[in-house]
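Residue numbers (the numbering used here), protein chains in the order written: chain Z, 4 to 483; chain X, 1223 to 1476; chain P, 162 to 596.
Misleading hints may appear alongside valid ones.
Derived Cβ-Cβ restraints for the label pairs, each shown as a range [stated by the list, open to error]: (1) Z:P200 - P:D540: 29 to 35 Å; (2) P:E492 - X:P1336: 44 to 50 Å; (3) P:D449 - X:Y1433: 52 to 58 Å.
With a straight-line Cα cutoff of 20 Å, these simulated DMTMM-like cross-link-like pairs (lysine to aspartate or glutamate) come out [as the list claims (entries may be wrong)]: (4) X:K1288 - X:E1418; (5) P:K499 - X:E1373; (6) P:K516 - Z:D445; (7) P:K316 - X:E1454; (8) Z:K413 - P:D509; (9) P:K516 - Z:E444; (10) P:K527 - Z:E420; (11) X:K1288 - X:E1367; (12) P:K316 - X:D1400; (13) X:K1405 - P:E348; (14) X:K1331 - Z:E444; (15) P:K527 - X:E1418; (16) P:K516 - Z:E422; (17) X:K1405 - P:E320; (18) P:K499 - X:E1312; (19) Z:K456 - X:E1312; (20) X:K1237 - P:E492; (21) P:K527 - Z:E430; (22) P:K527 - X:E1373; (23) Z:K354 - P:D509; (24) P:K316 - X:E1458; (25) Z:K60 - Z:D37; (26) P:K316 - X:D1402; (27) P:K499 - X:E1367; (28) X:K1233 - Z:E420; (29) X:K1233 - Z:E444; (30) X:K1331 - Z:D445; (31) P:K527 - X:E1460; (32) P:K527 - Z:E457; (33) Z:K413 - P:E510; (34) P:K499 - Z:E420; (35) P:K527 - Z:E431; (36) P:K486 - Z:E420; (37) P:K316 - X:E1418; (38) P:K527 - Z:E422; (39) P:K499 - Z:E422.
The hints are simulated quantities; they were obtained by calculation from the structure and are not laboratory data.
Quantities reported herein were computed from a predicted structural model and do not represent experimental measurements.
Note that beta-carbon positions come from the ideal geometry of N, C-alpha and C, so glycine has one too.
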Amino acid sequence: MSTSADTIEQLATREYQYGFETEVEAETFPPGLDEDVIRRLSAKKQEPEWMLEFRLKAYRAWLKMTEPTWHNLKIEPVDFQAISYYSAPKKRPELKSLDEVDPEVLRTFEKLGIPLEEQKLLAGVAVDAVFDSVSVATTFREKLAELGIIFCSMSDAIREHPDLVRRYLGSVVPYTDNFYAALNSAVFSDGSFVYVPKGVRCPMELSTYFRINARNTGQFERTLIVADEGATVSYLEGCTAPMRDENQLHAAVVELVALDGSTIKYSTIQNWYPGDSEGRGGIYNFVTKRGKAMANAKITWTQVETGSAITWKYPSCILQGDNSVGEFYSVAVTNNYQQADTGTKMIHLGKNTRSTIVSKGISAGHGQNTYRGAVTIGRNAQNARNYSQCDSMLIGNRCGAHTFPYLEIKNTSATVEHEASTSKIGEEQIFYCQQRGISTEDAVNMIVSGFCKEVFRELPMEFAVEAQKLLSISLEGSVG
Amino acid sequence: MLLEIKDLRVKAEDKEILKGLDLTVNAGEVHAVMGPNGSGKSTLARVLAGSPGYEVTGGSITYDGKDLLELDPEVRACEGVFMAFQYPIEIAGINNTYFLRTALNSVRKHRGEPELDAVEFMQLVREKAALLEMDQAMLNRSVNEGFSGGEKKRNEIFQMAVLEPKLAILDETDSGLDIDALKIVANGVNSLRSPERSIIVVTHYQRLLNYIVPDFVHVLSGGRIVRSGGRELALELEEKGYGWIEAEMAGARG
Amino acid sequence: MSTTQVAERHASLAAGFEELKGRPAFSAGGASEGRIAAFERFSRQGFPTTRDEEWRFTNVAPIAELRLSPAPEAKADSTLVAGLLPLGQDAVTFVLVNGRLSGPLPRLPRGVAVRTIANAEAGDLLPARPEGGTAFTDLNTAFFEDLLVIDIAPKAVIERPIQILHVTVPGADPLLVAPRIVVRAGEASQAMLVETYADAAGDGVALVAPAVDVELAPAAFVDHVKLQRQNNRSFHIATMFVRTGRSSTFTSHAVTVGGRIARNDIVAVLDGEGTEVTLNGLYVGAGDMLVDTHTTINHVQPHCPSHEVYKGILTGRSRAVFNGKIFVHPEAQKTDAKQTNKALLLSDEAQINTKPQLEIFADDVKCTHGAAIGQLDTDALFYLKARGIPERHARNMLIHAFASDVLNGIRLDPVRRTTMALVEGMLELEALEQE
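Using the sequences plus the hints, can you model the full thing?
Spelled out as structure tokens, the structure:
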């Protein structure tokens, strides 16, 4: 008994691997939020008048809203006036080549194990790296431009493609949607914009790595992806963050617009700083992600959530068009004092719409993991189908798993299937593997990856490897 | 001599379960350990395999010239100790064949043998699966997941057939088996009997021993082996029940 | 409803109860006290209403309105009986008519002992249920006039299946039939039982309220099949209680293809480490039928797996209720409980109310439940049609596939075939050649 417990203890004391801070000169607004701050922010970003109007309307709506309390989370109140709403590196590099990027930034990427050059050459991945709110490097733009694909920062898109942005921004997540979405709409710093034209299949995985860096700067990421009729695109989002003592707020909004016959696949690995083993520090991650699928379109959300002190996130699909498909695959890990309240909403409006939900929650230490999912079948959604599966794995005796599936069916032709399970990985499972000659560490990896298999296989290859690695780091020391 | 247990004392949750157990097993022998529920049969099996949750407070176990108690469970497995679990464990998402290949290659690596490639491994698996009447579907399913009680037990013996241990301990492998399944499992075990392999069969009922005929039968009661004999001892127990031995023991003490 | 009202409505039952007091069956084996208590409770409470949570979707008012009288002794036609038996000469056969064993005892294989009301022991006469149970169990306890106790000796492996046929022979008034079966499987024994419930006439009205108790000693194996094929005017409200000992294995397949209101209450207590219980069922509803299944699986000991698959096929205006309870007590660590409930609705008016109910008080367990309700898979239907199979055949194949999933678990081929034929009859399906 003692041997495996010892190894586990050693592994447990390992520090968060991606905890370091980059020193880059930054221009930062003093903390605080009012209309004036929003005007200055918009001016700084050289935005057109309609964008400023959008932000101000959102801000005014936000002032009338209160933070949601229906979730299953314990949250320290956030002082929104103590947050700085703008931070940009002073030395803004040219976008022509990587050589011009601040060497400090490049070293950061190297520490993260994602050298841009290599990715450019080897992986065929176009990278739009958001470093502290403002894009500092964009690659492959030209190659994508040949196909008419737009892949740029949101700031650039607002300036260069105002018609597209104006048409779709807020069309899936209106600024009145919820407290955090309203705040994001008012103050979003930057993010990514993707447009894939009619019938075009994007030839590579689009990828953004971003990290929260400067102290006390909330990050309000805004992403908008539009797949025009018959287009196909796969987008990867992965993040790491430096170690801190204070809580940091992150309230992103992601909108997906899948027009007739198009396919959008959105994959996330979220590995922000979760706080230390005592539960100090860590990121507050309040995200609104939603996609709208028109006729014969398909939206797939895949997420591996291992980081953040608090995760509040429900990537959803509005299946508006007939025969549209929504999918949600999720692995959420909470260790130490992490809390996650995550899940999805599948809103079936069109005929023959289909959705699949596979959620895997892993709780260890004092972690609390909640699955919250809603499946709504509208009155006109003839022959709608949903399959939901949510499995929870408990590691140790102090963690918790909670499942809240909501079903609202207004059309009797619907087929709805739901499966749920709760299990515990324990000494006996590990002993069984050991008795067959397999080491403790391999046994834990095997059991956990087996549990998450249905989700990992939805991830692009290189992402799946990273996800597996992250998972074993996140859970090291939790079994015993 | 393959296994020598001397004066073994074991505690679980502060309760002494084995109270000075002696047992010697030579290569090629089949020993049956019988006894009423709670006599310590499963504890003996699990301590041999190195299960957590038990504290050895005295005595020694020598296996193949080594101090078994010094070895981690996975090392014991690599050294040829195999236990068929009373309650085989399920591992979702990991298919049976992959699991077994990982296990077999760990064992082979330990022995300094080259790892088997996928083709060689599948040949071995097919051959052994036939022995236990396991179909392809069962091999491709997740480890023990969705298996009936009988299928799980069959899978345990199948793993034994692939891993080819020197010492196999079958912990109540007959429980949960109907008569047909019992025959299949027993046939599998019998086909694995060899002069180099020793088997300890832990069971409550004599019935299994009709099919796996032991060389020696031991009766475990109150944490000690209270009687040893040949096959006829099992039949005697069957007829008279465990009460007879327990009464005799009480009489001897009184 | 006041006691007097209940008593008035059930005056015919009360008169029957008074009559029964004069017969030897009443006090056989010391049963009288239990009977009086049960009938008093019934007279006080009457039949359940939809205000009772356990009967929320099952309105038994059509039963409460009947002027029931206890079923008299009767004879069943031997040709009719032969036609109703799913197993032939290979089986050990018992025929119960109106709840009483009919004809001489069959030749019993070694290891099987049987008792009836004439030689019942005190322990045979009280249902194993821990608490009084429903109005229907009370009626059974008050009115049963015979019982069949089957004892399987320790270590006996009974190769021949045991079949029990219950036939209701109607009278002028609606009858109350109270069959009672007790099965006790000794340590490490093995047996297969097949029960069939049927009517001698297609238009007789009866309330059949069986009480079946099964007890498994350690390491015993019992395989139980129940085929309920009563006529569409009868009511069948049954309870089965199962208690399983250490390392024992119990499998049940309950098939319902008859009755106007049909309900099975099945309670299994997994009362020993390492015991495995399977409760499977298939129900078919047509016309105005109401089919209700209530199961309770009680995990009280560690290391016990339980499996449950219930499937329903509903046409016409039929309705179904499924309530599956799984309790995992704090001591029942390493429990592995799986429950699946699927219903196929073949008409727009068919309806089902389904409620899985898992209450888990142990932390190291695996509990899975799945529910699926829907119409025939239009994609699958289209696929078959695209391969040239006419719509009728395609539907036929898909419905067969749905039912086979459960019926394939029935080990005895003739029983499986009889059952499938009844399902086909209910749904007006053509038999598949592969069957």
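Verification of the supplied hints:
no. : hint                         : verdict
1   : Z:P200 - P:D540: 29 to 35 Å  : holds, 31 Å
2   : P:E492 - X:P1336: 44 to 50 Å : holds, 48 Å
3   : P:D449 - X:Y1433: 52 to 58 Å : holds, 55 Å
4   : X:K1288 - X:E1418            : holds, 17 Å
5   : P:K499 - X:E1373             : holds, 17 Å
6   : P:K516 - Z:D445              : violated, 40 Å
7   : P:K316 - X:E1454             : holds, 18 Å
8   : Z:K413 - P:D509              : holds, 14 Å
9   : P:K516 - Z:E444              : violated, 41 Å
10  : P:K527 - Z:E420              : holds, 19 Å
11  : X:K1288 - X:E1367            : violated, 36 Å
12  : P:K316 - X:D1400             : holds, 11 Å
13  : X:K1405 - P:E348             : holds, 19 Å
14  : X:K1331 - Z:E444             : holds, 17 Å
15  : P:K527 - X:E1418             : violated, 40 Å
16  : P:K516 - Z:E422              : holds, 13 Å
17  : X:K1405 - P:E320             : holds, 15 Å
18  : P:K499 - X:E1312             : holds, 14 Å
19  : Z:K456 - X:E1312             : holds, 15 Å
20  : X:K1237 - P:E492             : holds, 19 Å
21  : P:K527 - Z:E430              : holds, 15 Å
22  : P:K527 - X:E1373             : holds, 19 Å
23  : Z:K354 - P:D509              : holds, 17 Å
24  : P:K316 - X:E1458             : holds, 15 Å
25  : Z:K60 - Z:D37                : holds, 12 Å
26  : P:K316 - X:D1402             : holds, 14 Å
27  : P:K499 - X:E1367             : holds, 11 Å
28  : X:K1233 - Z:E420             : violated, 47 Å
29  : X:K1233 - Z:E444             : violated, 27 Å
30  : X:K1331 - Z:D445             : holds, 15 Å
31  : P:K527 - X:E1460             : violated, 37 Å
32  : P:K527 - Z:E457              : holds, 18 Å
33  : Z:K413 - P:E510              : holds, 15 Å
34  : P:K499 - Z:E420              : holds, 15 Å
35  : P:K527 - Z:E431              : holds, 14 Å
36  : P:K486 - Z:E420              : holds, 18 Å
37  : P:K316 - X:E1418             : violated, 34 Å
38  : P:K527 - Z:E422              : holds, 12 Å
39  : P:K499 - Z:E422              : holds, 10 Å
In terms of the numbered hints stated before, the structure departs from hints 6, 9, 11, 15, 28, 29, 31 and 37, listed from lowest to highest.
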